[in-house]
Amino acid sequence: MTTSAEMPSTSAPKSLPARVLGVLFAPRETFQDVAAHPRWFGMLVLLVVFVSAATFIFLSTEVGRQATLDQQVSVMESFGMEITDEVYDRMERQAAMSAYFGAGSQLAVLPIMYLVMSGILFAIFTAGTGGQASFKQLFAVVTHSGAITIVQQLFTLPLNYARGSMSSPTNLGALLPMLPEGSFLANLLGTVDLFIIWWLVVLAIGLAVLYRRKTQPIAITLFVIYGVIALVIAGVRSWMGGS
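Anchor point for the sequence shown: position 45 equals 74 in this note's numbering, and the numbering is continuous, going up by one each time.
If you're looking for bench data, these hints aren't it; they were derived computationally from the structure. Treat the hints with care, since some could be wrong.
Listed next, the in silico DSS-like pairs over lysine-lysine satisfying Cα-Cα at most 30 Å (straight line) [what the hints assert, rightly or not]:
#1 K243 <-> K165
#2 K243 <-> K43
#3 K165 <-> K43
The model shown is predicted, which means the values in this text are computed figures rather than measured ones.
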């Protein structure tokens with residue numbers, strides 16, 4: 030099924046704040062505006078700056094640095110590495126720079142992540158199935174779906190500070206702490222995050238608007254891909270924990 034990239038609009042394009050709020054509360058109407066006026070730069074800058082600043086602020090605190098250190102130790106031990114006092118001391122010194130490394134990595138990684146994601150979706154929906162949307166339109170839709178990330182940061186960072194942890198407080202594993210730690214089910218639910226589910230729904234709406242298709246099949250496809258990735262990650266974590 031082919032679609033038309035022409036989405037004429039007689040209304041003036043929405044402002045950036047209106048688009049951010051629109052993605053959260055009126056995604057279909059907002060993505061119609063984004064498709065008709067595919068402006069992505071302001072949204073991308075907002076996302077990168079906001080996430081980088083939030084990461085820097087959290088990792089600048091003693092709680093954030095200790096949470097980072099604990100996470101690094103946990104990962105290294107899962108690979109069977111022995112954490113000696115000397116290694117731990119060196120990691121502590123490096124943790125003092127974690128705010129700069131964390132913020133810098135977000136500045137570098139987020140734009141690349143959105144570009145790669147847009148490239149994959151463009152190959153599937155435009156090149157693969159004959160859709161007529163341009164890459165600029167698709168990239169604008171993908172970046173605007175990232176408005177969910179802003180809410181996620183505002184919600185999770187205070188909780189992570191209170192918990193002293195880097196792990197997401199909104200994954201299903203955190204909501205079911207009675208599960209045996211390291212079990213396959215606990216690892217699987219630990220990869221299923223409520224904000225990612227929300228983001229996938231919003232992204233599916235954006236793609237449906239852009240390509241003039243039904244939202245449900247697109248959402249199912251995205252959730253199947255997410256489920257496969259979650260199964261693989263859970264399997265690897267369970268294998269590493271049992272080895």
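Hint-by-hint comparison with the structure:
no.	hint	in the structure
1	K243 <-> K165	21 Å, holds
2	K243 <-> K43	24 Å, holds
3	K165 <-> K43	17 Å, holds
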